[in-house]
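Asks: Residue numbers (my numbering), protein chains in the order written: chain A, 1 to 354; chain B, 1 to 354; chain C, 1 to 354; chain D, 1 to 354; chain E, 1 to 354.
These are computed hints drawn from the structure, not numbers from a lab. A few of these clues could be false.
Below are the DSS-like pairs computed for lysine-lysine, each with C-alpha atoms no more than 30 Å apart in a straight line [stated by the list, open to error]: (1) D:LYS114 - D:LYS205; (2) D:LYS212 - D:LYS121; (3) D:LYS166 - E:LYS84; (4) C:LYS352 - E:LYS212; (5) B:LYS352 - C:LYS212.
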Amino acid sequence: MSRVVKRTGKGIGVAPGTLIHVGNKINENVHMTMFEYSEESFQEKTLYQVEEAFALKENPTVKWINVDAIDKVEIIEKIGNEFKLHPLMLEDILNTAQRPKFDDYDDYLYIVLKMLYYNEKSNEITSEQVSFVLVPNYVFSLQEFEGDVFENVRERLRSGKRNIRKTGPDYLVYALIDAIVDSYFAVIEKIADKIDNLEAELIDKPDKDVLKDIHSLKREIIFLRNSIWPLREVINSLIRSDSPLIDENIVLYLRDVYDHTIQIIDTIEIYREILANMQETYISSLSNRTNEIMKILTIFSAIFIPLTFLAGVYGMNFRYLPELEWRIGYGLFWIISIAVAFFMLRYFRKKKWL
Amino acid sequence: MSRVVKRTGKGIGVAPGTLIHVGNKINENVHMTMFEYSEESFQEKTLYQVEEAFALKENPTVKWINVDAIDKVEIIEKIGNEFKLHPLMLEDILNTAQRPKFDDYDDYLYIVLKMLYYNEKSNEITSEQVSFVLVPNYVFSLQEFEGDVFENVRERLRSGKRNIRKTGPDYLVYALIDAIVDSYFAVIEKIADKIDNLEAELIDKPDKDVLKDIHSLKREIIFLRNSIWPLREVINSLIRSDSPLIDENIVLYLRDVYDHTIQIIDTIEIYREILANMQETYISSLSNRTNEIMKILTIFSAIFIPLTFLAGVYGMNFRYLPELEWRIGYGLFWIISIAVAFFMLRYFRKKKWL
Amino acid sequence: MSRVVKRTGKGIGVAPGTLIHVGNKINENVHMTMFEYSEESFQEKTLYQVEEAFALKENPTVKWINVDAIDKVEIIEKIGNEFKLHPLMLEDILNTAQRPKFDDYDDYLYIVLKMLYYNEKSNEITSEQVSFVLVPNYVFSLQEFEGDVFENVRERLRSGKRNIRKTGPDYLVYALIDAIVDSYFAVIEKIADKIDNLEAELIDKPDKDVLKDIHSLKREIIFLRNSIWPLREVINSLIRSDSPLIDENIVLYLRDVYDHTIQIIDTIEIYREILANMQETYISSLSNRTNEIMKILTIFSAIFIPLTFLAGVYGMNFRYLPELEWRIGYGLFWIISIAVAFFMLRYFRKKKWL
Amino acid sequence: MSRVVKRTGKGIGVAPGTLIHVGNKINENVHMTMFEYSEESFQEKTLYQVEEAFALKENPTVKWINVDAIDKVEIIEKIGNEFKLHPLMLEDILNTAQRPKFDDYDDYLYIVLKMLYYNEKSNEITSEQVSFVLVPNYVFSLQEFEGDVFENVRERLRSGKRNIRKTGPDYLVYALIDAIVDSYFAVIEKIADKIDNLEAELIDKPDKDVLKDIHSLKREIIFLRNSIWPLREVINSLIRSDSPLIDENIVLYLRDVYDHTIQIIDTIEIYREILANMQETYISSLSNRTNEIMKILTIFSAIFIPLTFLAGVYGMNFRYLPELEWRIGYGLFWIISIAVAFFMLRYFRKKKWL
Amino acid sequence: MSRVVKRTGKGIGVAPGTLIHVGNKINENVHMTMFEYSEESFQEKTLYQVEEAFALKENPTVKWINVDAIDKVEIIEKIGNEFKLHPLMLEDILNTAQRPKFDDYDDYLYIVLKMLYYNEKSNEITSEQVSFVLVPNYVFSLQEFEGDVFENVRERLRSGKRNIRKTGPDYLVYALIDAIVDSYFAVIEKIADKIDNLEAELIDKPDKDVLKDIHSLKREIIFLRNSIWPLREVINSLIRSDSPLIDENIVLYLRDVYDHTIQIIDTIEIYREILANMQETYISSLSNRTNEIMKILTIFSAIFIPLTFLAGVYGMNFRYLPELEWRIGYGLFWIISIAVAFFMLRYFRKKKWL
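Let the hints inform the model, and build the full structure from the sequences given.
Replies: Spelled out as structure tokens, the structure:
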């Protein structure tokens, strides 16, 4: 639950732009890597000081600096000072409860997105915030933890295949966003599998575990929807943006990502409906079973309660109880009993209970 | 379920435009046919090499090439190379989990739609993706499997009736889309029949099978809606498109298809509501039956439980139990029993349980 | 149900504009009437050949031709040929599963609407499609069956009161639409009455019939809403149309019809909500009754089951069962029994079950 | 119910503009009052003939004529003739089932609203239609019955306080609308009180009366919403109107009324949600109680049914039933009985039923 | 409940602009403070007469006057007279049932918002209205009670850190709004905690208290949503406002607040959905338990009722009852009993009840 709501990182009324990391301190060792490339050159190195990257400012190459831990406030501050970034934007980077958004600050662009993983251990979706800052010739990607979905992009840069090195930083940003959106499909597939498994048990064995699973899947879907929904608007703003930092050729690619985003949102909506449908079917299914149980109870009771009464009658000790003396008394008793049971059963069959 | 979500065909972060077929390999033998026609001429032939079609590039005739299997990547690549199609578009053709859409690439148009069949065997709706590429003088239609809903269009081309041969490739595209939209009506009729059958049993015999049917019909409707809904936007974009590839005369025809699409969407919405209504009625109906059953159980219990107690009392073996000695004891017992039963029944009648 | 979905009249992929009547053949004898009028003249006659009407083409009078059966394809074809109407429009006239719509073909206007009647016999709403074609000086109204809601308009034409004869064909179209919209109120009133009757039984006697009625009323409302909802857009398009065939003075009258349409749609929405409310109350009401029944069962059981056990104990035949020998045994038994019953009743009263 | 839907006052197809009063004839004696005022003068008089007001046409004073009964068709006709009002508008005045609306007829404005009262006797909201016609220097307010919410406005006119006499007829219209909107708050407060009272009983004593109250409150809210919702649009059109009859200074006041309207609509929406919430809680609450009742029944049954069986066993008359001869038989019976009861109770406690 | 609806403070039809405080009189001693600051100077003082602030009108410093009690009508009147504020605005300040809104009166701006606190004692959210009036060089903040969320802003003014003193009154208004929006996060966190606690008990122990908590949380959410939702529009109007009183530099900050507002609204919607989900799960959970209980009752009944009947049979006193004489009678009875019980249990196991 706590992942849903997080305060925006500062005490009430604290001056905006005060850089405080909001979130749990996780990794002691910040991990920074830099890819520097152009059509001709390519270099990959680990950075120990972010200033190393600034030194290359005059180079016309594309520089992608990936920072694995955004809780090191000083790195963010250094980048901010170097490129004269707005304090509110720096605050946004540090606040990991950000809503996906795109801000165009004229001289640089800021994009914040959520990476989603399916955590096999806790059986839950985990979310990691990534901020992209696009400064001329530089792309900064700032993540919460180590580990990401960019490995394929790195491979393409290393191999130089499919001309990615010929393109500018805007294409790189596209490629990174594309990788993130692709990773959503994996998460949704996981949920699809779970729903498929539930479906089988839903009508035939509607027990407490099924209910628990429906309940938690619905929460996962609510969480997912909230993370992905704003993406649509983000990518749309990117497409409609007239920033000189984004080349017109890129728009076609962004539109492709946009289509994928719509498809993901559609799919989430479908699962929401399917789960709502399952919940309703679950309740109907339970009512159905209760109904079945009640029928059995009622059939047993309606047959045996009158008979037990009759047996009770002839177990009475009245001195003058003429039937008891009859020779055919006991036989008659059984005849009556069987007749009662027979007519009861017929009655229930007529009512379609049997 | 798995039909709802499919990954967009590539590993996370793989370069866009990498042509990988996403889907199951189905048919070994690609089946390609070409219709070449103009006002004067008509020719129908099976193609073994897609290059055969390119040879006719200079002819002013309309050429419709239908490819029955989109998993042969090399055919798509050849077409792409010949007409300089954008790699992202080729990727879209191969990805069978595409959302219906229309892309205007200036020199050519790309339309992707879903054909829907009612599979009588599995009792389910199956969906097949069709891509249309409209290049000057060429219409490519790329399907997933053999078998389609275009037979009538082919007949009209062969017979040359109703002047279809006098029109250009844009009219052909319209005719193919129209055939697809018409096929949706058949699918909806199938669902309508099923709902009609359910309706009869709903209130009088609300058992588990009814529930199962409602549940699966609701899923079918969710699936249908998702497939057809984007169509509206697709055809609308086509109508509003100012592409030179689409003649103004065609717009009137497209508007007609648009009206049909709206009608289909309306109908799906109605069935959604009707099914929601049926689910509610199902639950109400079950509650009603449980209520009936409870009444019977309670009436039996309320009458016989006190009487059984009374019989139990006079079955006790107390040495001093004066009533047992009375001459009228047994008669009195019956009188009391019948009186109790009578007043109970009157009470229940007053409560309108009988 | 079958009234909700009908195929659009042709085999899949059949050429558009092929005139095939979609619907059941009903009346053998087409009934055609013509009203010809101007400020000075008035004439009403039965037509046997539609060509009789064409002969008056040069007259500046208004000519209203009403055709009672649209399944006579040749009449539609003749009108189409005479006035050069678009084949798609002719197809629409013949297809009785049309959605209400307004098409402006520059030289003529096409409006299709639904007349709704309350069928007292089948206790259902029936729907009849009417198409209006407005050609200069001509109004064609094409219905499915004999019988309509235009009798008042005819009376006004005959009597010449309220200056209707002074106005043009556009006012006539307005008057006919107005008559149709007015007829919706009658249908809604019928539904209102039914809902009123249900309301009375809802809480006090929530039985199966009430459920059936709610269920079918909800379906009626879904059907109604679907028929009337598009009307809003139709009349709005008429108002905003800049066709020379519609005089500006008519707009004020059309706006009045528009207001009525909105009022009808509002009312339908209200009944939808009221019915949803009734369904919920029905379920609550049933739960309430089941609860009541359970209480009675439980009270009886909780009092008599322990007492029956006690009676059973003293009916046992143990040789050594000391209480049986006590003089006060039987009296004591009754005292205990009454005490148990008394405390049980007090307990249930405390729990507010009594 | 019948208050929701009323036919728009004429037979189907009757000529529009035919003046027929739609509603029940209520008051025999029409009551007409006129307030005539300017900055210097003030006069209040009862009118017996509406023509008395027309005589003052040349006076630059503001004249407010309030007519208490709109079923006197001739008064409406006279006003219509005098000021050349459109017949459709006169028809609207007479039709008391009008939807709140604002029509700008250039030379005069027409506004129709609903006054709502809480009828203490029938415990229901009653609705009365008021039409305002704003002609230069004249304001006509036409009500259904005697009695309204304008008493405060009259007082302000009489006392001349707060400069109301210095303002024109447009301010008067504003003041009257404001009085109507204010009166809605009183109605909503009434509903709020009822909901508060229900809340207390909802969870602790969810009986049939609570259900009835929720049901009828929901209907009241549906009715209210329908009456007030269009008001928003009405006042908005007034604000955006560029009619010379409405001074720019008045817009600020109208905006204030608009804010109040939004607040009322918000509040109604909140109560709708609260009532939906209450209905759900009611059902949950009932299920909860049924569950409780079932537990008690089951506990009693599960303990005593096996014991009764055991007592029955030793009440059998088999000749050879060895336990009956045992000295400790009876004691053993009790020990077993108490043990069974004890373990049963422990089992139920473990299941958290106790 | 009463917090939801309050009349807008005046009798029906009372002249607008009549200053009457609507609300409960709370604090006898109005508490007024003034912060006067510029880049160089800073002064904080308590005001006893609001006129003291007016004296500084010519100073170019920013003056923030905070009034803790808006029920002192005369203070509002004095401010109104001094700055020529519109009477309708003054009325709005006094009416504590205002909807959050922003009014641009050209020469001054009026903003009204809700501060929300979580009241630990009553375990409820309380709401306090704050009005901001922005006059050149002056910011008036008018609260209902003492105590607010502005302490941090005051600290920053006192310390002069982060350049707040260098900015104008528009920045101060931003800072105050930001502090209010930040305080909403605290309220939402409180609700998140409560929901987390409920979640644990929901499925395993769905008792009456859980229901009560869900019910009241849903009401809190409805209340919250209503208070916060209009904020979005308010801040958006501020951003789009072209008032000279708001500097362009401030827009970036306001956009930041806007983002926070959207995030809060998103979160509230999520909790609404989660609570709806919980309510559904609660009902399902209850049905599940009732089902379990019924199973136990039915198993007990179905096993013992037939056996009790059998025991009753052999407790009958018929003179001729042959089985009673059999040597193996009693043994046979037990064999039959155990067999019946065994088959019953197997039947129930087959039905998956065990």
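Asks: Please go over all the hints and tell whether each is borne out by the structure.
Replies: Status of each hint after checking the structure:
no. : hint                : result
1   : D:LYS114 - D:LYS205 : violated (37 Å)
2   : D:LYS212 - D:LYS121 : holds (18 Å)
3   : D:LYS166 - E:LYS84  : holds (20 Å)
4   : C:LYS352 - E:LYS212 : holds (19 Å)
5   : B:LYS352 - C:LYS212 : holds (19 Å)
Going through the hint list in order, the structure does not satisfy hint 1, though it satisfies all others.
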